[in-house]
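Colleague: Spelled out, the chains give:
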Amino acid sequence: MSAISEVFERCRREKRAAFIPFLTAGDPDLETTAALMQAMADGGADLIELGVPFSDPIADGPVIQRASTRALAGGTTLSGILRLVARHRDRLGVPILLFSYFNPIHNRGLESFAEQAAASGVDGLLCVDLPPDESAHQEYIPVMRRYGLDTVFLLAPTSTKDRIRRVAEYSTGFVYYVSRTGITGDQGALPDELVKEVRRLRRKLTQPLAVGFGINTPEQAASIARAADGVVVGSALVKLIEEKTGDDDLLSAVKQRVKELAEGLRR
Amino acid sequence: MARPQLRPDANGYFGPYGGRYVPETLMAPLDELAKAYDRWSRKRSFRNELRDLLTHYAGRPTPLYHAKRLTEHFGGAQIYLKREDLLHTGAHKLNNAIGQALLAKMMGKRRVIAETGAGQHGVASATAAALLGLECVVYMGVEDTVRQRLNVDRMELLGATVAPVDSGSRTLKDAINEALRDWVTNVRDTHYILGSVLGPDPYPRMVRDFHRVIGDEARRQLKKQAGTVSPDVAIACVGGGSNAIGLFTAFIDDRRVKLVGVEAGGSGEALGEHAARFGKGGSLGVLHGTRTLVLQDEEGQIAGTHSVSAGLDYPAIGPEHALLADEGRIEYTRASDTEAIAAFDLLARIEGILPALESAHALAYAGKVAPLLSKRRLILVNLSGRGDKDVESVQNWRAKEREQADAEDSTAVAEVTVHPAARKWGKSQEEAG
Ligand SMILES: Cc1ncc(COP(=O)(O)O)c(C=O)c1O
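The listed protein sequences correspond, in order, to chains A and B. Position 139 of the first sequence, counting from 1, maps to 139 under my numbering, and the rest follow consecutively. Position 16 of the second sequence, counting from 1, maps to 1016 under my numbering, and the rest follow consecutively.
Hints in this document: simulated from the structure, not taken from any laboratory. Glycine residues also receive a C-beta, built at the ideal position from the N, C-alpha and C atoms. Possibly wrong hints are sitting among the right ones.
Computed beta-carbon distance windows for the label pairs [what the hints assert, rightly or not]:
#, chain 1, residue 1, chain 2, residue 2, range
1, B, Leu1132, A, Arg83, 53 to 59 Å
2, A, Gln138, B, Met1107, 29 to 35 Å
3, B, Asp1166, A, Gly109, 30 to 36 Å
4, A, Asp42, B, Gln1404, 15 to 21 Å
5, B, Asp1189, A, Asp90, 22 to 28 Å
Assemble the whole structure, with the sequences as input and the hints as a guide.
Modeller: Below is the structure:
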């Protein structure tokens, strides 16, 4: 069983949803990213989504766009991120899922990426603009499997029955449900029908289902945890990192926020 | 509109290029769009309505003009201009905008969005939206809102909202990013009118089909006016590639016709100084939903581009172009900023036509080949748009040049009125003759 699957298995036994924070690698720099990941793990993160910055993040709102811009301006590269993971993954003790746009991976070459990622201790990959249909997949899936990397795919409110079946077939570790049609970031209230939709989807999947996009408060996280196997919080934390960068209490503030968000996930 | 061709394959691939590399939220809507397009484009009622609008509203067929003075100037092949600049709103872009807006209406969408670089596709979309009673938002990079100011005003007068995009390079690429973000968010009631043969399937084939009327008409007109359906060379500028595909599709199977796409050579050879994806600049990548040739750095980050023309200032090429280049069917070359400005000047002065700076790139190449060919040869150039929008850009260019000349030598000022590159053309004419 993969480390990511084990996380969900453990959470299931403990009758809670997994807490999955997101942060952009290299914002404000890679050394701080390492310290932030540790703070998140100490605060109660079960799994960390580590974002690979991209020049054209079409699925992201302003907060993560700005983080990507800062990270790229600081010279962050995919190789640098993988080296960082290699140095810290063991000590961290929680699995790392890379969250990327496809071009930096495609540019590196799937085989070479997968080999280096696996050697660095990365646990899985989610490419936001690579749906399971793409024929590049015929290579993508076997290559990722060969290196023991989980392939997480997205579902969205617009996904049809056929698409749900396809994602269910290719996703390993878990399936990531996008809470609403939209981009990352705060857009006010979550859709009323979200919990019902998550319950409905969960019955169709054998994998755990995590929910993300637009989840900001412990209350929102707790309400989704009643139905989902995992809760992802991204922009709210990236925004906190943005605000606190340069302050002495950056790490303690992030740890504290993760703690507050993770606490309410008991069912 | 003629029947769709066999390409791309069922998955939206032109050989290794194309596909649908988009977030999951857009996958089902793209399916729906492809199905709607396939259904409606086959219906007689839809085709008739589109043809009717293109004829009586937009002004098709656009003229084919034998540019005799330009021909004489170069002293070589006969040059014919396909006058897309005379289409309503002033560029070829309206063919596609009306087609897609009509489709959006059939699909029950109440809102359309578009990206724009030069502002021509934005104006065309705003126009089609006004005509068909749709709400319209146009995304445009901040840099482009400045250099194509006239078109911003036009869009607003047409009732559209122009949303300036202040991220990244603040040009066309970033406008597409923002339009995609809007679409992901509002996909249920919104259709995205993408303005070139770019993006995820079905856009590259749909936009091509809406534009192929350009080449189909040109063939018929050539037959009548020049006694042949086959020019020796057909030339078009290539941003995303829509006016080029629109012209070339009618000639693809006619091997007698040499097809040449002209990219933006910008101000230099280094990454960031041009928008030429063929040659050593571009490499295989994935951008804006399609796998194609992309200008990128060694880490797979998309590179900045530069062109004096906003409509060519884009780092990726339509996937069908990438395949046609591999097959050797279309040849790609580039024209620099300086060459494009010189061609703009020349056409203005000896034909009384202000071309769009985009189209001026195609004219610049025509000026290179015409003198090398005999007078019995025939060159067809797609004059994709008119240059009113570029008046300020050209004036700024002049002003900068004058400053430079002043700095170098105050006596050089008088000579600048005849552009150096235009003189160069004069010379190549002598050499040829
Ligand atoms: C007049 C004109 N020609 C050409 C282009 C380039 O686009 P494409 O390569 O899709 O024809 C534009 C784009 O804005 C344009 O306005």
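Colleague: Would you mind marking each hint as holding or not holding in the structure?
Modeller: Results for each hint:
1. Leu1132(B) with Arg83(A): 53 to 59 Å: At 54 Å between Cβs, range holds.
2. Gln138(A) with Met1107(B): 29 to 35 Å: 31 Å, holds
3. Asp1166(B) with Gly109(A): 30 to 36 Å: For Asp1166(B) and Gly109(A) the Cβ distance comes to about 34 Å; the hint holds.
4. Asp42(A) with Gln1404(B): 15 to 21 Å: Hint violated: Cβ distance 60 Å, outside 15 to 21 Å.
5. Asp1189(B) with Asp90(A): 22 to 28 Å: 49 Å, violated
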